[in-house]
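Peer 1: As a plain string of letters, each chain reads:
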Amino acid sequence: MSTGEENSGWNLTESDPGVFTELLKSLGVPMVFDDLYSLDPPTLAAHQPLHALIFLFKWTSDSPDPTSGGTYDSDFPGFFAHQVVNNACATLAVLNALGNIPSLKSGQPLGELFNFTQGMDPQTRGMVVTSADWLRECHNSLTPPSAISLDGIGLSKTSEDAYHFIVYLPFMGCVYELDGLKASPVRHSAYEEKGEGWAGKAREVIESRISTYPPGSLEFSLLALHDDPLPALREQLVVAQTTGDQPLVAQQMQKISDENVKRERWAFENALRRHNHMGLMHALLKLLAKTNKLDAAKEGAKTRMTERREKAKAKGEAMDEE
Amino acid sequence: MDYTNTQRFILAFKAGRALRRDGTDSVDPKPEKGAIILYDGEDDLLHFVWKDRTTGNVGEDLIMFEGDASFTQVPNAPGGRTYVLKFQSSDQRHFFWMQDASSERDADFVRNLNGRLQDPTFSLTWNTEVTLAAPSSTSGPSRPVQQATAEQVETLRRLLSSYRAGGTAAATAPPEYSLTDILTPANITPLFTSHPELVPTLFPHLPPDLPNPPNAETITQIIASPQFRSAVSNLDQALRTGLLGGFVRSLGLPEEAGTSVEAFLKAIQDQAASEDSMQTD
Numbered sequence: 001m002s003t004g005e006e007n008s009g010w011n012l013t014e015s016d017p018g019v020f021t022e023l024l025k026s027l028g029v030p031m032v033f034d035d036l037y038s039l040d041p042p043t044l045a046a047h048q049p050l051h052a053l054i055f056l057f058k059w060t061s062d063s064p065d066p067t068s069g070g071t072y073d074s075d076f077p078g079f080f081a082h083q084v085v086n087n088a089c090a091t092l093a094v095l096n097a098l099g100n101i102p103s104l105k106s107g108q109p110l111g112e113l114f115n116f117t118q119g120m121d122p123q124t125r126g127m128v129v130t131s132a133d134w135l136r137e138c139h140n141s142l143t144p145p146s147a148i149s150l151d152g153i154g155l156s157k158t159s160e161d162a163y164h165f166i167v168y169l170p171f172m173g174c175v176y177e178l179d180g181l182k183a184s185p186v187r188h189s190a191y192e193e194k195g196e197g198w199a200g201k202a203r204e205v206i207e208s209r210i211s212t213y214p215p216g217s218l219e220f221s222l223l224a225l226h227d228d229p230l231p232a233l234r235e236q237l238v239v240a241q242t243t244g245d246q247p248l249v250a251q252q253m254q255k256i257s258d259e260n261v262k263r264e265r266w267a268f269e270n271a272l273r274r275h276n277h278m279g280l281m282h283a284l285l286k287l288l289a290k291t292n293k294l295d296a297a298k299e300g301a302k303t304r305m306t307e308r309r310e311k312a313k314a315k316g317e318a319m320d321e322e
Numbered sequence: 323m324d325y326t327n328t329q330r331f332i333l334a335f336k337a338g339r340a341l342r343r344d345g346t347d348s349v350d351p352k353p354e355k356g357a358i359i360l361y362d363g364e365d366d367l368l369h370f371v372w373k374d375r376t377t378g379n380v381g382e383d384l385i386m387f388e389g390d391a392s393f394t395q396v397p398n399a400p401g402g403r404t405y406v407l408k409f410q411s412s413d414q415r416h417f418f419w420m421q422d423a424s425s426e427r428d429a430d431f432v433r434n435l436n437g438r439l440q441d442p443t444f445s446l447t448w449n450t451e452v453t454l455a456a457p458s459s460t461s462g463p464s465r466p467v468q469q470a471t472a473e474q475v476e477t478l479r480r481l482l483s484s485y486r487a488g489g490t491a492a493a494t495a496p497p498e499y500s501l502t503d504i505l506t507p508a509n510i511t512p513l514f515t516s517h518p519e520l521v522p523t524l525f526p527h528l529p530p531d532l533p534n535p536p537n538a539e540t541i542t543q544i545i546a547s548p549q550f551r552s553a554v555s556n557l558d559q560a561l562r563t564g565l566l567g568g569f570v571r572s573l574g575l576p577e578e579a580g581t582s583v584e585a586f587l588k589a590i591q592d593q594a595a596s597e598d599s600m601q602t603d
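Residue numbers (our numbering), protein chains in the order written: chain W, 1 to 322; chain U, 323 to 603.
Just chain W, same shape as in the assembly (with noise of 0.2 Å):
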């Protein structure tokens, strides 16, 4: 596990749309990122206008990542930023995409930071970007607080292990891949403007990818990185109901409302990562002994924790490392 020092106080985030589309949000990017099941064209489309895709992964065996084809260019003129702490690689990442969107209407003090780095080299891009305290913040404001200080003690934290993220974006009319840790962009095939445009050459290029990885030792998802859907939906909706378009009123009010659900789930999940939860875990425990059922959940607790060593054991597994 890394020490605080290596990872220079950047809390290790999870790896979920919800969190990332919140980074967006404190970073005055109105854009969101969704989870993409499946890269086909309907999928894709539904996503239009796709800014650029996160393919993050962690992959299981010893063998070192395989190579992903195309070619490195060392004078990509963009935005490419080095991965030099690794806690920090799901906010690199994500800038090493919103770096290289034109249209993209950053406040500041994001803007600032692109302009600041301009013509620096990846490293020393790197390096500014990990000493920004106030993207520094940003980003470990959605790891939990420690209910407890555990300096020293040594124990394991429970958050995931780190996903190593590759950014998926189009630039100058051909797909790249930005990989924090490699020496410099990878420049794909060129694309077509029409159609599905830049994506149905990312898509190719990542199918690709997948393939050369041993079957079952990949763990990935895709991340979308997109407008916020809502204005244009809702925009939509006045546009059918002015036009009386029942069948479209009645479409676009069930995506309004379905998009809604899931910022309405995000923000709870977010609530809950944000929130130090001694207090509760205390008062419900305070509250199974007033109820007297705290004896009863203990020797319930010893139960399960004893059938689940005699499943292990069943299974001829230890149940703790030796």
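A couple of the hints might just be wrong.
[Stated by the list, open to error] Which bits of chain W does chain U cover? Going by a derived footprint, with three or more residues having C-beta under 8 Å, they are:
no., stretch
1, 22 to 28
2, 42 to 49
3, 88 to 97
4, 277 to 283
[What the hints assert, rightly or not] Taking beta-carbon pairs under 7 Å as the criterion, some of the chain W residues facing chain U (in silico):
no., residue
5, E193
6, K262
7, L287
Because the hints were derived from the structure by calculation, they are not lab data. Beta carbons: idealized from backbone N, C-alpha and C, even for Gly.
Given chain W, put chain U in place with the hints provided.
Peer 2: Chain U in isolation, oriented as in the chain W frame:
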């Protein structure tokens, strides 16, 4: 924390742990076969360790400061082989019972343990003929040469080799139960139905920025959430290190409550009972 390096090892003897029965002066011995081991750590601190001889897991790893701790016999304990490790600097009490079949060497072990706890330059002495001889890491005049039996050397070797070096001061004995199986929707949600008046008392402990005003259903969702379950798991692990004495005071609990999950729950029982009794008219 590698005490397989025998130069740092001071003494060891078979002992089990015992827990004080609340509100009484008696202790209940726990059956696990264990050992008390005293050694000089690489951190230059004196470590008092209790280890489970069957699993190899460390149940206690305490730092001893010169003159602070003493290991004394518990009076009136049946069998007369129950001891307590107590401290001048705190109210901590750890109870142990001698597990060597013969009590012949009890006096030696206890005298040497106390001697070393009081004074780092104390030279161990062994009055009985055959003992586990401590190696010559202590300064001072040479001790009487003792011969260990093959059995004792084997015991010593086993004790040393199965210690989990590189571990932390965490109590790593396999737990009897976990808080994650106590704070579950299955245990808690029925209380909301049977005691609905208690639900609002939980609201102050919920996140202040929830998207909707909370109700009993919200609380159940929170308890089932990965974020809450992770917090419970962290608390469980932290309590098992036995090092939360300072922290639990902020919850209005005695320091003892931070030494184990069991102690924590007992203290909460007490706290709940006293809060209830304060409400009677």
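Peer 1: Looking at the structure, which of the earlier hints fail to hold?
Peer 2: 1, 2, 3, 5, 6
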